[in-house]
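Trainee: In case you want the letters, here they are:
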Amino acid sequence: MNVHIRFSPAEQAAFLQAEIDGEYPDARGRFGPYGGRYVPETLIPALERLTRGIREYLYRDDFQIELIDQLKTWVGRPTALSFAPQLSAAWGANIWFKREDLAHTGAHKINNAIGQVLLAKRLGAKRIVAETGAGQHGVATAAACARLGFPCVVYMGAIDMERQAPNVGRMKLMGAEVIPVIGGDQTLRAAIDEALRDWVSDPGETFYVIGSAVGPHPYPWLVRELQSIIGREARAQFIAQQGQLPHAVMACVGGGSNAIGMFHAFISDKSVQIIGVEAGGRSPALGQNAASLSYGWPGVLQGCYSLLLQDVNGQIQETESISAGLDYPGVGPEHALLMAAGRVHYESATDADSLVALQECARLEGILPALETAHALVGAKQWAQTHKDHHIIVCMSGRGDKDMQTLQRSLIDPLSATPGS
Amino acid sequence: MLPREHLTAVIRRVNARGEPALIAFLTAGFPRAQDFTEHLLAVAAGADVVEIGVPFTDPMADGMTIQRSSQAALKQGVSLKWILAQLGTIQRPAAPLVLMSYLNPLLQYGYERLAKDAAAVGVCGFIVPDLPFDEGAEFRAALSLEGVALIQMVSPVTTPERLAAVCAVSEGFVYAVTMTGTTGRTIAVPDTPINYLENVRRHSPVPVCAGFGIRSAEQVARLSTHVEGVVVGSALVEVLERGEDPTAWLRALRP
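Taken in sequence, the protein lines are chains A and B. Just so you know, this note's numbering puts 140 at position 151 of the first sequence, and the rest follows in order with no gaps. Add 8 to the 1-based position in the second sequence for this note's numbering, that's all there is to it.
Just so you know, the hints here were simulated from the structure itself, not pulled from any lab data. Positions of the beta carbon are idealized from the N, C-alpha and C atoms, including for glycine. Take the hints with a grain of salt, since some may be wrong.
Which chain A residues face chain B? A few, computed with CB under 10 angstroms, are given here [stated by the list, open to error]: (1) E183; (2) V289; (3) L297.
Partial chain A-side listing against chain B, Cβ under 10 angstroms, derived [as the list claims (entries may be wrong)]: (4) P192; (5) P273; (6) P287.
Model the full structure from these sequences, guided by the hints.
Mentor: Structure below.
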């Protein structure tokens, strides 16, 4: 429970009802108190054009036909819903995985990237920019741009380029220009700042494909709309196989795009517990984690009013997580709202526990999850202890191939260094 | 006279001499925190209005110079609270003071308390690059209680309807961004910005001051007949960084 955030039961009920009734984001781009559009004046016309573009094209039949065709024939949707028998036996509850790791380019990010690039085409954009943390969104955007014939520039923190080197190579092979960001914290946050600076220089012809459910309105809404296919598919697949709803769904939360994608279809299913797991890093101390819902309080960062890891002077704090994709001091405004409404429970998992869960999953199920996803597995493992034989779906948001360098250092090298082995 | 009216009046007074007002920006505490008040007074001696930058970790509208100066100031512990305390220790210069800050440090300080504390040390206005006018009602209301201006920014891509709406709530002066992009890049001031600046002037009840990318006397001269003021930022920060005399540099910018 976040000690900074208190709403009355009546306020919570009103938030939840508005969310279920589809009233968020409202006309001002808000999810209850959170969200909005805090950007330089130069970006306002581009955001308004994008908002109109979403309303005009996203729900139109011809756009949906084109999007669904790409999702089916290129991305590989629907992704599987896999039962995990060995982990279920080991942990106690019935564990299911929604297999976004099987989507093209290896994570859920492609659902959003292909949708946004298709929209950019409709809006007459000439050039795409994106930011990336773990590199998965950069790879997905590079792939979508290659597929649809757009020049693509990806901003990536210099630290992230080092820890996610294979993804840098993948982006380059697909024709993207990858620009290292040496300012700020040299991770995802600095990459977003730099992508915004690029966009502000040419808001007319450049389209900014943001990678998570963060940023100014309409991005949190657009990303949620494009990612919520995850939960819709999972819900239908589970009902088809089990004839009932799962007892819980779970996802990791950085900016929160796979999580909002997984959760959105289940929000009105009141019997379904919804749990988000943030990066607990090394400890709960400020600067040693990236758990903004657990430890942050409201503020404005990168266009959006949400919960932030910050100091008393409003300076944004550096974060720490073994997973580059969760290493962000803010969180999407809809998650802040879902926490305020009391609908979703948010907790955090440490680096160390995530590495253990990752190993168990790899050994028992033959699935190597991304480090981000491993945080959700920690949550599932804990939940399973008190929910024997209940069903939980975990969003397997991405595969761990990109993390081999980190895993080599933290798991594999120490093993071979053990005396006698 | 309210602080925001004083700000407008000072700019108009310079205009009456046939010159544009010179608005000079410095990042508080850069390059060294202990030199802040000395630098501030030296800048005030050469400028008509002083814009004091509150450093922020994520200055998304700023180029490399102000990103670098902000980070260096933050490393020395500079905060909004510290800046206001420093302003309380000096003899108030003739040039009105405005604060430039991204929204989050202001939000965390608390709008009403900030309006009071800022007015008490002679701050006449605020420039908030990530607060577009439609999100600004709450802060504008708090500042208004103290007569302090929330200075609005407009850009060459601002639509005509929006320009009219922004100008309608403008106080102090309107900050017309000369180009799309971040601060600190050199621009030649081509014809389109001139037309745009003239258009902003037609709508604005308060003086129009142009900023972003202005570094030379030649640029100031070229803009002088089209706006009521010019803002110099990154170039002055670089002057201070090199340890040169800001008063002389600013005086040399005037026509």
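Trainee: Holds or violated: E183/A as interface residue toward chain B, Cβ cutoff 10 angstroms?
Mentor: 9 angstroms, holds
Trainee: Grab the minimum C-beta distance from V289/A to chain B and call the hint holds if it beats 10 angstroms, violated otherwise.
Mentor: Cβ of V289/A sits 5 angstroms from chain B, so the hint holds.
Trainee: Are L297/A and chain B close enough, Cβ to Cβ, to be under 10 angstroms, as the hint says?
Mentor: Holds: closest Cβ of chain B sits about 8 angstroms from L297/A, inside 10 angstroms.
Trainee: Quick one, is the P273/A hint okay against chain B at 10 angstroms, beta carbons?
Mentor: 21 angstroms, violated
Trainee: Would you check whether P287/A satisfies its interface hint, that is, whether its CB is within less than 10 angstroms of any CB in chain B?
Mentor: At about 8 angstroms, which falls below the 10 angstroms cut-off, the nearest Cβ of chain B leaves the hint on P287/A intact, so it holds.
Trainee: How about P192/A: closest beta carbon in chain B under 10 angstroms, or not?
Mentor: Constraint on P192/A satisfied, holds at 6 angstroms.
This entry does not satisfy hint 5, going by the numbered hints stated previously; all others are met.
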